[in-house]
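Undergrad: Here are the chains, one letter per residue:
2 protein chains.
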Amino acid sequence: MTERDWRPRYIQVAEDLRDQILRGELPPGSAMLSETDLSERYDLSRTSVRNAIKQLKDWGLVRSKQGQGTYVRAPRQRVERRHTERYQWEKDRARLGEPERGETGATEFDTGLDLPDLEFRAKYTIVEADDNLAGIFGVPAGTALLKREYWTSTRSEDSPLSLVRSYLLRDIVAANPDLMDEAKEPWPGGTQNQLYTLGIELETIVDRLTARPPLPEEADVLDIEVGVSVLVLHKTSIDTQGRVVEFSEVILPGDRTEIVHVTTLERWA
Amino acid sequence: MTERDWRPRYIQVAEDLRDQILRGELPPGSAMLSETDLSERYDLSRTSVRNAIKQLKDWGLVRSKQGQGTYVRAPRQRVERRHTERYQWEKDRARLGEPERGETGATEFDTGLDLPDLEFRAKYTIVEADDNLAGIFGVPAGTALLKREYWTSTRSEDSPLSLVRSYLLRDIVAANPDLMDEAKEPWPGGTQNQLYTLGIELETIVDRLTARPPLPEEADVLDIEVGVSVLVLHKTSIDTQGRVVEFSEVILPGDRTEIVHVTTLERWA
Numbered sequence: 000m001t002e003r004d005w006r007p008r009y010i011q012v013a014e015d016l017r018d019q020i021l022r023g024e025l026p027p028g029s030a031m032l033s034e035t036d037l038s039e040r041y042d043l044s045r046t047s048v049r050n051a052i053k054q055l056k057d058w059g060l061v062r063s064k065q066g067q068g069t070y071v072r073a074p075r076q077r078v079e080r081r082h083t084e085r086y087q088w089e090k091d092r093a094r095l096g097e098p099e100r101g102e103t104g105a106t107e108f109d110t111g112l113d114l115p116d117l118e119f120r121a122k123y124t125i126v127e128a129d130d131n132l133a134g135i136f137g138v139p140a141g142t143a144l145l146k147r148e149y150w151t152s153t154r155s156e157d158s159p160l161s162l163v164r165s166y167l168l169r170d171i172v173a174a175n176p177d178l179m180d181e182a183k184e185p186w187p188g189g190t191q192n193q194l195y196t197l198g199i200e201l202e203t204i205v206d207r208l209t210a211r212p213p214l215p216e217e218a219d220v221l222d223i224e225v226g227v228s229v230l231v232l233h234k235t236s237i238d239t240q241g242r243v244v245e246f247s248e249v250i251l252p253g254d255r256t257e258i259v260h261v262t263t264l265e266r267w268a
Numbered sequence: 000m001t002e003r004d005w006r007p008r009y010i011q012v013a014e015d016l017r018d019q020i021l022r023g024e025l026p027p028g029s030a031m032l033s034e035t036d037l038s039e040r041y042d043l044s045r046t047s048v049r050n051a052i053k054q055l056k057d058w059g060l061v062r063s064k065q066g067q068g069t070y071v072r073a074p075r076q077r078v079e080r081r082h083t084e085r086y087q088w089e090k091d092r093a094r095l096g097e098p099e100r101g102e103t104g105a106t107e108f109d110t111g112l113d114l115p116d117l118e119f120r121a122k123y124t125i126v127e128a129d130d131n132l133a134g135i136f137g138v139p140a141g142t143a144l145l146k147r148e149y150w151t152s153t154r155s156e157d158s159p160l161s162l163v164r165s166y167l168l169r170d171i172v173a174a175n176p177d178l179m180d181e182a183k184e185p186w187p188g189g190t191q192n193q194l195y196t197l198g199i200e201l202e203t204i205v206d207r208l209t210a211r212p213p214l215p216e217e218a219d220v221l222d223i224e225v226g227v228s229v230l231v232l233h234k235t236s237i238d239t240q241g242r243v244v245e246f247s248e249v250i251l252p253g254d255r256t257e258i259v260h261v262t263t264l265e266r267w268a
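Protein sequences, first through last, are from chains W and H. Each residue of the first sequence is one higher than the last, beginning at 0 in numbering that gives the first Met the number 0. Each residue of the second sequence is one higher than the last, beginning at 0 in numbering that gives the first Met the number 0.
Chain W extracted, bound-state conformation (with noise of 0.2 Å):
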């Protein structure tokens, strides 16, 4: 630590310990010293040692178990999401035969994870689109959608990579009685050949994308802390007809989330 750092000193303690973490100094499962300890080695007050092990604990960094003190928790695989290259790429294979759309899901291509690696739920319900959900399709407040609800999760971790809520127009999606099934589901080709098999071709997807932290059962069903934030990602998807025909809310954890995009930039020459 500099002497001139001008912050709180159970902040400049924090990010000492975080270096030791993040440094491998404090490996996983690796238990912290009591707050005694850590009193005395920072010279600080024990009001201040917890505060700096609370910031610990709002990074995700160290976990507390009930009467056993404070661990250093497992680094969480990061995962990058490359949405955009994939919408084009879901588009392309939207109308191939089902083995070749049953290769590869839309989760693998985002995050580069195998399928034997990936456990996929789904929950569908029909529920009444409240003033939101009627505004964005332009229906009446209280037109039938089809909520589905999906997590996705590694085998290797019980936490879910995200949670996806996604809408469609029941009256719509009627049209093909499999799609009502959530036991169809993971469908092979995902959501862009779930419409081509309803006549819809999408033509524009419009991502709207905010942080902010995590409502306490989103904290819960991502096993994050409540001070990790969550990327909140709001998909619209427009039909070739300029239709809103589906929206979803996707929840990321912000600790093991990078979004990323790649601009290639037209060349001068």
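Hints may be right or wrong, so weigh each one.
[Claimed, not checked] To give an idea of the interface, some chain H residues facing chain W are shown, with a C-beta separation under 10 Å as derived from the structure:
1. I10
2. T46
3. D57
4. W58
5. R94
6. D170
7. N175
8. I204
9. G253
[Unchecked claim] Which chain H residues stay away from chain W? Per the calculated CB distances, all over 10 Å, these:
10. R72
11. V163
12. E181
13. E248
14. R266
Quick caveat, the hints were computed from the structure, so don't treat them as lab data. Backbone N, C-alpha and C define an ideal beta-carbon position, used for all residues, glycine too.
Following the hints, put chain H in place on chain W, whose structure we already have.
TA: Below, chain H alone, put in the same frame as chain W:
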């Protein structure tokens, strides 16, 4: 509040108050009920009431003033950012004459705000590359870098819309002394024109986006509560010869930033 909500009461109360704020029943600037009054109205302990108010602060919706109670914050101007569209737009303008380049800045393009609404500050320093930056540029640690820090605000609000730290290799930039002078900012045409004066043409820009809680100094500068998340954009600019020529880190306040990306898909027909 529904009877079957299984979450802690303080969260339900916080959400009820949030709804009142978002619906305008508690307008900006209005005082919240006292802890005692809230405790009575919701039949909740003082501790739970404090937790509910803490949650509202963490959402950036209320603010406590020393000795004056808790007030509803004015909603902050929300800014849509379209980074990826901007990169090609900036490149198309990089070879134009200064008058044309000076007409519109990149921030205005990104945010849709007009130049008279924006305040802009820049600070240049020379720093030594740490291991991380050395790895990004593929140079030895300790190599001299030009570090450029930017703060952009709207005139109607004090707090910046973004914090930017941009790094360039000093020995390359030094060929044009104007590029070493912070007083030349805001530079008409931005970084891509600056690089053009050095004979450098960008070909690829890699964006990596994550979310995390703000560091205390970021929360301070951006004027956000520590419970508001920040979006962190790491942008790596690569020239036509495959060299990394610029790296920047952009910190964006999560309560007012929406990163928008529109994907137009190729038609099947």
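Undergrad: Would you settle whether the hint for D170(H) is holds or violated, based on the nearest Cβ-Cβ distance to chain W being less than 10 Å?
TA: Constraint on D170(H) not satisfied, violated at 24 Å.
Undergrad: Taking the shortest Cβ-to-Cβ distance between V163(H) and chain W, state whether it exceeds 10 Å.
TA: holds (17 Å)
Undergrad: Next item in the hint list is N175(H). Is there a CB on chain W closer than 10 Å to its CB?
TA: Violated. Min distance 19 Å.
Undergrad: Grab the minimum C-beta distance from G253(H) to chain W and call the hint holds if it beats 10 Å, violated otherwise.
TA: For G253(H), the interface hint holds, since the closest Cβ of chain W sits about 4 Å away, which is under 10 Å.
Undergrad: Grab the minimum beta-carbon distance between R266(H) and chain W and tell me whether it stays above 10 Å.
TA: violated (7 Å)
Undergrad: Tell me if I204(H) is really an interface residue toward chain W, meaning its C-beta lies closer than 10 Å to one of theirs.
TA: holds (5 Å)
Undergrad: Checking a non-interface call: every C-beta of chain W should be farther than 10 Å from the C-beta of R72(H). Is that right?
TA: holds (15 Å)
Undergrad: Interface hint check: T46(H), Cβ to nearest Cβ on chain W, cutoff 10 Å. Holds or violated?
TA: violated (16 Å)
Undergrad: Hint W58(H) vs chain W: min CB-CB distance below 10 Å?
TA: It holds, given that the least Cβ distance between W58(H) and chain W is near 7 Å, below 10 Å.
Undergrad: How about D57(H): closest beta carbon in chain W under 10 Å, or not?
TA: Holds. Min distance 6 Å.
Undergrad: Let me know if the C-beta of R94(H) comes in closer than 10 Å to any C-beta of chain W, holds or violated.
TA: holds (7 Å)
Undergrad: Confirm or reject: E248(H) is not an interface residue toward chain W, with every Cβ-Cβ distance exceeding 10 Å.
TA: holds (14 Å)
Going down the numbered hints, you'll see the structure goes against 2, 6, 7, 14, while the others check out.
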